[in-house]
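Given chain A, put chain B in place with the hints provided.
Protein sequence lines correspond, in order, to chains A and B.
Take 1 as the starting number for the first sequence in the numbering used here and just add one per residue.
Take 1 as the starting number for the second sequence in the numbering used here and just add one per residue.
A portion of the hints provided could be inaccurate.
It does not matter which identical chain is used: a pair holds within one copy or between any two.
[Said to hold, decoys possible] Only pairs whose alpha carbons sit at most 20 Å apart, straight line, appear in this in silico EDC-like list of lysine to aspartate or glutamate:
| id | residue 1 | residue 2 |
| --- | --- | --- |
| 1 | K319 | E360 |
| 2 | K317 | E276 |
| 3 | K159 | D385 |
| 4 | K251 | E24 |
| 5 | K265 | D103 |
Simulated from the structure, these hints should not be mistaken for laboratory data.
These numbers come from a predicted model, not from an experiment.
Number of protein chains: 2
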Amino acid sequence: MREVAVLGIGQTRVDEQWDKSLRELAGDAVLEALHDAGAQRADGLFIGNMMSGSANHQQHLGAYISDWVGMRFAEGLKIESACSSGAAAFRSALMAVASGDLDIAIAAGVEKMTDSPGGEITAELATAADADWEVDHGISFVALNALVMQRYMYEYGWKHEDFAQFSINAHANGAHNSNARFQKAISLETYNKAVMIADPINVMDASPIGDGAAAVVLVSADKLRSNNGRPLIRIVGSGAATDSTAVHGRKDPLWLKAAELSAQKAYRQAGIGPQEIDLFEQHDAFTIMATLSLEATGFSERGQGVRLAVENEIGIKGKIPVATRGGLKARGHPVGATGMYQLVEVVQQLRGEAGETQVEGARYGMAQNIGGSGSNIITHILKAD
Amino acid sequence: MREVAVLGIGQTRVDEQWDKSLRELAGDAVLEALHDAGAQRADGLFIGNMMSGSANHQQHLGAYISDWVGMRFAEGLKIESACSSGAAAFRSALMAVASGDLDIAIAAGVEKMTDSPGGEITAELATAADADWEVDHGISFVALNALVMQRYMYEYGWKHEDFAQFSINAHANGAHNSNARFQKAISLETYNKAVMIADPINVMDASPIGDGAAAVVLVSADKLRSNNGRPLIRIVGSGAATDSTAVHGRKDPLWLKAAELSAQKAYRQAGIGPQEIDLFEQHDAFTIMATLSLEATGFSERGQGVRLAVENEIGIKGKIPVATRGGLKARGHPVGATGMYQLVEVVQQLRGEAGETQVEGARYGMAQNIGGSGSNIITHILKAD
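So that you can see chain A by itself, here it is in the shape it has in the complex (with noise of 0.2 Å):
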């Protein structure tokens, strides 16, 4: 398996794009990731995106935005796993340069949902549940959050207002990304009175979708000759794993199996563990799964992932900092592009490109991708040198 390393990044504002158009998005953020590593085109452009084909009645993106960005005639795929899309096309497109099947490539995730002529988001992102055994019930995403958050607080003992750090953490963060939704940071009064969408979930807890879109250009590493006196940043783990698309199929609601089993993978391939992690790319979608997520990846003991908010050792001197440029809640979660925000922002940590929100000293970047409830997770490692 040859070594991968990442030559450029791109990324547009995630926000209400109501003025651009599904390629539009998607080629913004690609031909920022190709000026930014020099390079005038690809091998092959591998997009992450969920909703396309309902939502903005466009599939094929391959073909599509390969055209657009002045690609034609390369390969182009898109790769779906629900809300972990992102990563997987990041995945699929280090497995083809690692194969020495392409020698550079470009993973990109693209989401269109805030103008969808296509009907109405919450149906769409339901069908990342089971269709015929969760959804077809009545049960909405956030709805199946809200009943593993209860169940969380019911057994280990934790109250609501101990998840407020994630959401007052991310929105600091946020608040130094021009590219964040949410540019503003929040008080622990607004996280309390914040309007309940499915208690225990308020509107605090759950990120926001957006129209948005991020890529990445991704080289073998032998043939990275100079990288413009940048560091060179190396793909060093990647891992992806599965659970049951309904989270009743599950033995223990409350553990994250698929995101224990793809960072193990990944920190297997990296040679590390969690304390050799210095950020935390971690997929909040609800305080609930930045919890579960801190615990199945290593970061803390069954049920105490939520003390590390309570303590604050999430923020940017904290013991793993997370939402470095605001996370799912506040830069926004735009579901098919949101694997590809975190693995951009992983980069700018390692390049020390991240201004008031830079982790100092950052060599080791982890970014976890999670797709539906907890049954598609891709943990990626990355190291500066």
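Only chain B this time, still in chain A's reference frame:
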């Protein structure tokens, strides 16, 4: 890049399978492939599918089907490139094994189209074309192909009847395939008198949709000590290329540039040319596509692909046998599964398991899967030793 071999194959019949859910259809093919391989599970499942999100209200097929087939916790992804989603899934599984990251992977394709709760299938299929530049102006997929066929007949002087043998050959072969949707030979008269859909494409020029699934188990060839006394079947060439999504964007709408490029890459990797290919499972979604594919892939001169049909060089004993198990025309075209059916059928031929339509002494088999109106084309060459 590690060499990769086929360990097992599985398929369902292409039909109106109203008694099977999406997961049951996919599961039947995957479990048959695992059984054929003598394996219990694989490290990853790569599912080709186009329209489950809209037609079946179910995305996230990687996790969904992994769990159903007893492969919970394995990696699982859905890959989409319109009608070439099947071959795209195969190529993704191939890259994962070739890179050394996975040791055993399953590529599968599934589509459930005939009893969709999601809406009208012609509109779903149109999402493979360009939404802004083609579909919103009212053109359907068959109409796009009809324009191309009109132009071809005008430029090169062929008559409609000259295309008949593509359809007659496919139905003659499909009559011997118990998994084909249509298992009955047709006459020239049937072809000539068939109902017109979009002039000059009549119903015998066009392939039928259907519900179906097909799967292949892939392993690293160097780990394969024995294959139950069956020939070792290796993937010796794999190429993918795109073209403009909108047909009007191309310099020459009568030349499948993506077929040429993907086939050239596959030939180069295999170290052979078209003259070594013993059979060609081509993408005969329409007779005009069968024609153009033969030209761009090197089996005939420009404008002369249809001559191979006229002279019946496409039969089992012809110069280049095509649609040996019925092709899209008679086996049926469950879009995201089609590319996987083609590969399963190539393996049947290379194993000598193709019964009445066996190509004698077949050693090299090629499969070519076309997405959109020629905008995403993936070519594989398999070899039996």
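field: Broken hints, by number
entry: Of the numbered hints given earlier, those the structure breaks are 3 and 4, listed in rising order.
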